[in-house]
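A.B. asks: Those protein sequence lines, which keep their order, are chains X and H. Residue numbers for the first sequence follow numbering that gives the first Met the number 0, beginning at 0 and rising by one. Residue numbers for the second sequence follow numbering that gives the first Met the number 0, beginning at 0 and rising by one.
Hint data in this document are derived by calculation from the structure and do not stem from the laboratory. For each residue, glycine too, the CB sits at the ideal point set by N, CA and C.
Only part of the chain H face toward chain X is listed, based on derived beta-carbon distances under 8 Å:
#, residue
1, L5
2, I20
3, G22
4, N41
5, I48
6, F67
7, I69
8, A76
9, A77
Derived DEER-like restraints, expressed as beta-carbon distance ranges:
#, chain 1, residue 1, chain 2, residue 2, range
10, H, V95, X, G131, 39 to 47 Å
11, X, R132, H, L5, 21 to 29 Å
12, H, S92, X, V137, 48 to 56 Å
13, H, Y53, X, I163, 37 to 45 Å
14, X, F29, H, D6, 29 to 37 Å
15, H, H90, X, M92, 24 to 32 Å
16, H, L54, X, L10, 24 to 32 Å
Subject to a maximum C-alpha distance of 20 Å in a straight line, what follows is the list of computed SDA-like cross-link-like pairs (lysine to any residue):
#, chain 1, residue 1, chain 2, residue 2
17, H, K91, X, L84
18, H, K91, H, M32
19, H, K91, X, I163
20, H, K91, X, F75
21, H, K91, X, F72
22, H, K91, X, R79
23, H, K91, X, Q78
24, H, K91, X, D83
25, H, K91, X, R166
26, H, K91, X, E82
27, H, K91, X, V74
28, H, K91, X, M165
29, H, K91, X, T77
30, H, K91, X, F29
31, H, K91, X, A164
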Amino acid sequence: MMNGETIVFYLLAALTLVSALMAVTSRQIFRAAICLLLSLLGIAGIYFWLRYEFVAAVQIVVYAGGIAVLIIFSVFLTQRSGEDLPRQSRARMLSAAVAALTGLGLVMLQVLRHRFSGTTNPAIDNGVSAIGRRMLGVGEDGYALPFEVVSMLLLAAMIGCIVIAMRSKTKSS
Amino acid sequence: MMEPGLDHLLFIGTALFFIGIYGFLTRRNLITMLMSLELVLNSVCLNFIAFNKYLWPDRLDGLFFTVFIIAIAAAEAAVAIAIIIHLFWNHKSIDVHAAEELKN
Chain X
0 MMNGETIVFY
10 LLAALTLVSA
20 LMAVTSRQIF
30 RAAICLLLSL
40 LGIAGIYFWL
50 RYEFVAAVQI
60 VVYAGGIAVL
70 IIFSVFLTQR
80 SGEDLPRQSR
90 ARMLSAAVAA
100 LTGLGLVMLQ
110 VLRHRFSGTT
120 NPAIDNGVSA
130 IGRRMLGVGE
140 DGYALPFEVV
150 SMLLLAAMIG
160 CIVIAMRSKT
170 KSS
Chain H
0 MMEPGLDHLL
10 FIGTALFFIG
20 IYGFLTRRNL
30 ITMLMSLELV
40 LNSVCLNFIA
50 FNKYLWPDRL
60 DGLFFTVFII
70 AIAAAEAAVA
80 IAIIIHLFWN
90 HKSIDVHAAE
100 ELKN
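With the rest of the complex left out, here is chain X:
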C-alpha cells in the first residue's frame, strides 16, 4: 500500500524525466525551453520532497527564474517564430540513443550492485540559519573561502558578459 509521500515522489520523478526527455527531443525550440523549465521545477519539487528547502528555493529562483528565462529570451532573439529545427539524420539519433542507453545501463548496474555505507550519526539541522552560519564560517567546516571565490567568479562573468555583448561601433554595419 502506497502512502501519499511515495505517490508524490513518483509523480515528481515522472514529471522531471518526461519533460527532460521532451526538452531534448522536441523540434520546436520554444516548446523545448518550456519543457526544460518544467523539468527544473520537478527537480526543485524533489528537493522539497527531501526537505532541503533552501536548495529548492535556490533552484527555483536561479534556474526556473533566471536561467530558463534567459534561455527563453535568447530563443526570442535568435529564432524565427514558427520554424522547426532541422531534422537530424536517423543514424546520428540512433547512435546517440545507443550511447546514452549503454551508459545508463552500465552506471545503473554499478549503482545497484554497490552497497553504500553511510554514517549512523543523527541528522543535523539544515535550516537557513545553520546554512548561513556554515557558509560564512572560517572554522573547520566553514565555506567562507569558496563563497568568496564564487563571488569573484560571478563578478568576472558579469564583466565578461558585458564585454562580449558590447557591439563594437566599427563592425555594426
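Keeping the supplied structure of chain X fixed, place chain H upon it in accordance with the hints.
C.D. replies: Chain H in isolation, oriented as in the chain X frame:
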C-alpha cells in the same frame, strides 16, 4: 512499488545525465545544446543532495556543493548566452556548423 530511497534518486540522476548527453549528441543548435548541459548539471546536483540526505545526514557538504554548482551554472549560462547572441549577430545563425572560422 517500493518506498523511495537512495537508489531511486540515483536512478533519476543517472537518467537525467544521459538524457542530457543524448541531447548534447543529437542537437546542432547552440541554445538546445546549452539546455542539455543544464540537465547534466542538474543531475549532478541531485546526486550530491541524495548522498547528503541518505548517507551523511550529519554534514552539510553536499548541500554546499549544490549551492556552488548552481551559482557557477548561472555564471556559465550567462556567458554562454552572451557568446551565442554575439555569434548570431556575426553569422545570422547559431548552428554549430556556422562557426568554423578557427578551422583554418
